[in-house]
Amino acid sequence: MALPLSYEQFSHGWQAVFVALRPEVIAIMHKLREQGHRVVVLSNTNRLHTTFWPEEYPEIRDAADHIYLSQDLGMRKPEARIYQHVLQAEGFSPSDTVFFDDNADNIEGANQLGITSILVKDKTTIPDYFAKVLC
Numbered sequence: 001m002a003l004p005l006s007y008e009q010f011s012h013g014w015q016a017v018f019v020a021l022r023p024e025v026i027a028i029m030h031k032l033r034e035q036g037h038r039v040v041v042l043s044n045t046n047r048l049h050t051t052f053w054p055e056e057y058p059e060i061r062d063a064a065d066h067i068y069l070s071q072d073l074g075m076r077k078p079e080a081r082i083y084q085h086v087l088q089a090e091g092f093s094p095s096d097t098v099f100f101d102d103n104a105d106n107i108e109g110a111n112q113l114g115i116t117s118i119l120v121k122d123k124t125t126i127p128d129y130f131a132k133v134l135c
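Residues 1 to 135 in my numbering are what the sequence shown spells out, letter by letter.
The set of hints was computed from the structure by calculation and includes no laboratory data. Be aware that a few hints might be false.
Stated by the list, open to error - Heads up, simulated SDA-like pairs for lysine to any residue below, C-alpha to C-alpha not over 20 Å straight-line:
1) Lys-123 / Pro-23
2) Lys-123 / Ala-27
3) Lys-77 / Val-40
4) Lys-123 / Phe-99
5) Lys-123 / Ile-107
Please construct the entire structure, taking both the sequences and the accompanying hints into account.
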């Protein structure tokens, strides 16, 4: 069944996958950076998303030291090489890296490289994790 959609209608629907910004996570990102930690974002994206979400959510860009987008890298999570790329580019060791994701396959991919990986189940996962670390 064909649905007649304009590009604008399709694009708007495609962007609907993004959930609301989480100010508590942005605050944690800023606090980590203030403490001297490097904070990076690794996101699976496509051509439409690479232009949409960095512009729509500048708070993320401002809270991160760097944003790695799969569309730009030509690889996607959970491929081992995307995690290896970020580790190498940042000079991170797997044992000193914490990775958060809402996809279990992506968590498993990072775990296989020795990265501490936390499955985000709800909006409390990240704040709860850092409540212990940032006290």
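Here's how the hints hold up against the structure:
The suggested pairing of Lys-123 with Pro-23 holds, with an alpha-carbon distance near 11 Å, which does not exceed 20 Å. With a CA separation close to 14 Å, the supplied pair Lys-123 and Ala-27 stays within the 20 Å bound. Between the alpha carbons of Lys-77 and Val-40 the distance comes to roughly 15 Å, so the proposed pair stays at or under 20 Å and holds. Proximity of Lys-123 to Phe-99 is assessed by CA-CA distance (about 15 Å); at most 20 Å being required, the pair is judged to hold.
For the suggested pair Lys-123 and Ile-107, the alpha carbons sit about 17 Å apart, so the restraint of at most 20 Å is met.
Violated hints: none; the structure is consistent with every hint.
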